[in-house]
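Trainee: Produce the entire structure from the sequences given, and follow the hints as far as they go.
Residue numbers (this note's numbering), protein chains in the order written: chain R, 1 to 313; chain P, 1 to 276.
Since the hints were made in silico from the structure, they are not lab data. Be aware that a few hints might be false.
[Claimed, not checked] Stretch by stretch, here's where chain R covers chain P in the computed footprint (C-beta under 8 Å, at least three residues):
no., region
1, 103-113
2, 130-140
3, 156-164
4, 263-269
[Unchecked claim] Straight-line distance between alpha carbons at most 30 Å, and here's what the computed DSSO-like set of lysine-lysine pairs gives:
no., chain 1, residue 1, chain 2, residue 2
5, R, K18, P, K132
6, P, K221, R, K100
7, P, K8, R, K100
8, P, K105, R, K100
9, P, K165, R, K18
10, R, K295, R, K5
11, R, K230, P, K105
12, R, K45, R, K6
13, R, K152, R, K193
14, R, K100, P, K56
Remember, predicted model here, so these are calculated numbers, not experimental data. C-beta: ideal position from N, C-alpha, C; glycine also.
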Amino acid sequence: MADVKKIATRESYGNALKELADSYPNLVVLDADLAAATKTGIFKKEYPDRHIDCGIAECNMMGIAAGLATTGKIPFVSSFAMFAAGRAFEQVRNSVGYPKLNVKIGATHAGISVGEDGATHQCCEDLALMRTIPGMVVMNPSDDVEAKAAVKAALDHEGPVYIRFGRLAVPVINDKPDYKFELGKGVVLREGKDVTLIATGLEVSETLDAAEKLAKDGIDAKVINIHTIKPLDEELVIAAAKETGKVVTIEEHSVIGGLGSAVCDCLSANVPTKVLKIGVNDVYGESGPATELIKKYGLDSDGIYAKVKEFMA
Amino acid sequence: MDTLALKKTANEIRKGIVTAVHSAKSGHPGGSLSAADILTYLYFEEMNIDPENPKKEDRDRFVLSKGHIAPGFYSTLANRGFFSVEDLTTLRHTGSYLQGHPDMKHIPGVDMSSGSLGQGISAAVGMALSAKLDNASYRVYTLLGDGEIQEGQVWEASMFAGARKLDNLVVIVDNNGLQIDGKIEDVCSPYPIADKFKAFNFNVIEIDAHDFEQIASAFNKAKETKGMPTAIIAKSTKGKGVSFMENQASWHGNPPNDEQYAQAMADLDKISESLN
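Mentor: Put into structure tokens, the structure is as follows:
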């Protein structure tokens with residue numbers, strides 16, 4: 001795996017904005033003094049007149065985006081997940097969600113893989129918060145290819161969208177000629193009959209590696225990539241639960257309110273199934289190199305492998 | 001400008017406010033009444049709007065940042081012909097399109113949903129920015145409460161508007177001096193209001209909110225001012241026009257009972273007669 005290409009999805013985000021700018025003349029990009037980090041700076045360099053730096057004022061930025069959207073612009077609002085989904089939650093709910101405005105939120109630096117900045121900047125609650133807003137589409141792409149596709153899908157969708165991007169460079173796993181992105185559709189990456197592993201974001205590649213390790217122990221795991229948390233691909237999740245009888249969810253997010261909760265909501269109503277939720281266990285993160293933190297919090301392939309083994313015992 | 005006609009219209013709008021809030025058995029009459037003359041001027045004199053075509057692209061925009069005075073806003077829109085005046089009695093009723101706070105999805109003439117204080121001004125700034133990006137000539141107006149400016153987001157938005165020189169934006173502060181818990185200076189004083197907006201690079205004009213000559217002069221000066229947004233600090237009387245509501249914080253968010261409603265309408269009818 002040493003030669004696998006790695007790209008941070010925030011980089012993909014900035015590149016996608018730049019690449020799509022000419023096809024979407026109404027696209028404007030807003031940032032709150034983080035263009036260098038969110039990578040909207042890539043767009044800014046080419047399209048300075050369509051990049052609006054709002055300064056360090058995320059709540060106002062969200063409202064400005066709402067105002068722009070009422071006039072036909074398609075604003076992509078960028079900040080760290082902590083500030084886009086956390087600090088500006090009520091602005092997203094009341095100024096964007098309630099009027100169902102065509103605002104796209106590109107939130108970078110999500111999860112503990114923020115690394116050294118530590119707990120104040122490691123947002124593990126954004127998927128939960130955004131999922132509660134009626135009409136909000138919530139996406140969490142797994143790699144460069146999917147992140148770019150998610151940006152385009154967001155632009156083609158009429159209404160509010162939240163997309164989560166990461167700081168850490170992650171393996172490119174979707175670089176295939178037949179790759180197709182469909183908003184709201186999960187992707188089966190590996191067939192298996194013993195257990196279904198449902199992963200999202202950077203945990204998809206970790207989960208694929210974990211599935212290989214499980215296979216060596218005779219556990220045949222099905223792996224599903226859920227890039228759209230809301231609307232959830234319920235049909236696929238229900239079918240997989242019926243097929244394998246056991247389900248594990250894996251996300252770099254709190255075990256409260258994110259992918260795991262969405263899957264449990266779906267299964268408990270349709271096909272009650274034993275579910276193991278792997279994620280950040282209702283704790284704050286801490287400072288450290290991202291890969292070390294992912295290992296420490298049991299979210300690397302070894303950690304996933306160990307927990308699934310125990311679950312299957 | 002026909003000042004007498006505007007005064008008559010404002011008085012009809014005030015009747016609509018009291019009637020709507022009475023019917024709803026809840027709502028915010030005090031601040032609706034204090035802002036009625038400003039709303040009248042905006043919709044009957046100042047703004048480029050068309051009730052027949054409420055979404056026309058080049059229209060001027062208005063955002064009611066102090067969204068709780070929806071009764072004042074709705075009564076203005078109804079009297080201007082955006083929808084039926086009779087519908088005002090459905091305010092806040094289950095199933096009515098006239099929601100407790102402005103809902104752009106369902107109410108003709110409402111350019112932005114609002115109600116959570118401090119948020120409307122940001123949306124107005126976004127609209128003004130959009131006009132600048134497109135070299136469009138429409139102007140954007142937003143009305144704030146003087147209690148509302150305690151919200152930090154108001155100053156985030158003002159800093160941006162000043163820095164971006166949004167001279168197509170007019171921020172109006174309905175300075176009636178009262179908020180739910182009492183006098184604004186006793187709760188958490190936002191004074192000096194004019195100096196604050198000046199410090200945020202606004203052209204600031206202070207007026208009497210119930211004097212149409214002063215209102216007209218302020219909006220005209222705003223139009224002439226280039227390179228900076230304008231803030232109009234409009235000194236008003238909360239509850240204006242209804243004797244027992246005037247300058248009473250208790251009438252911020254309370255409806256009149258039947259007896260009080262009759263008295264309020266009698267007060268406003270008396271004003272109608274004095275204008276004939």
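Trainee: Evaluate each hint against the coordinates.
Mentor: Right, here's what the structure says about each hint:
| no. | hint | verdict |
| --- | --- | --- |
| 1 | 103-113 | holds (count 6) |
| 2 | 130-140 | holds (count 4) |
| 3 | 156-164 | holds (count 5) |
| 4 | 263-269 | violated (count 0) |
| 5 | R:K18 to P:K132 | 22 Å, holds |
| 6 | P:K221 to R:K100 | 36 Å, violated |
| 7 | P:K8 to R:K100 | 37 Å, violated |
| 8 | P:K105 to R:K100 | 8 Å, holds |
| 9 | P:K165 to R:K18 | 27 Å, holds |
| 10 | R:K295 to R:K5 | 20 Å, holds |
| 11 | R:K230 to P:K105 | 22 Å, holds |
| 12 | R:K45 to R:K6 | 23 Å, holds |
| 13 | R:K152 to R:K193 | 34 Å, violated |
| 14 | R:K100 to P:K56 | 19 Å, holds |
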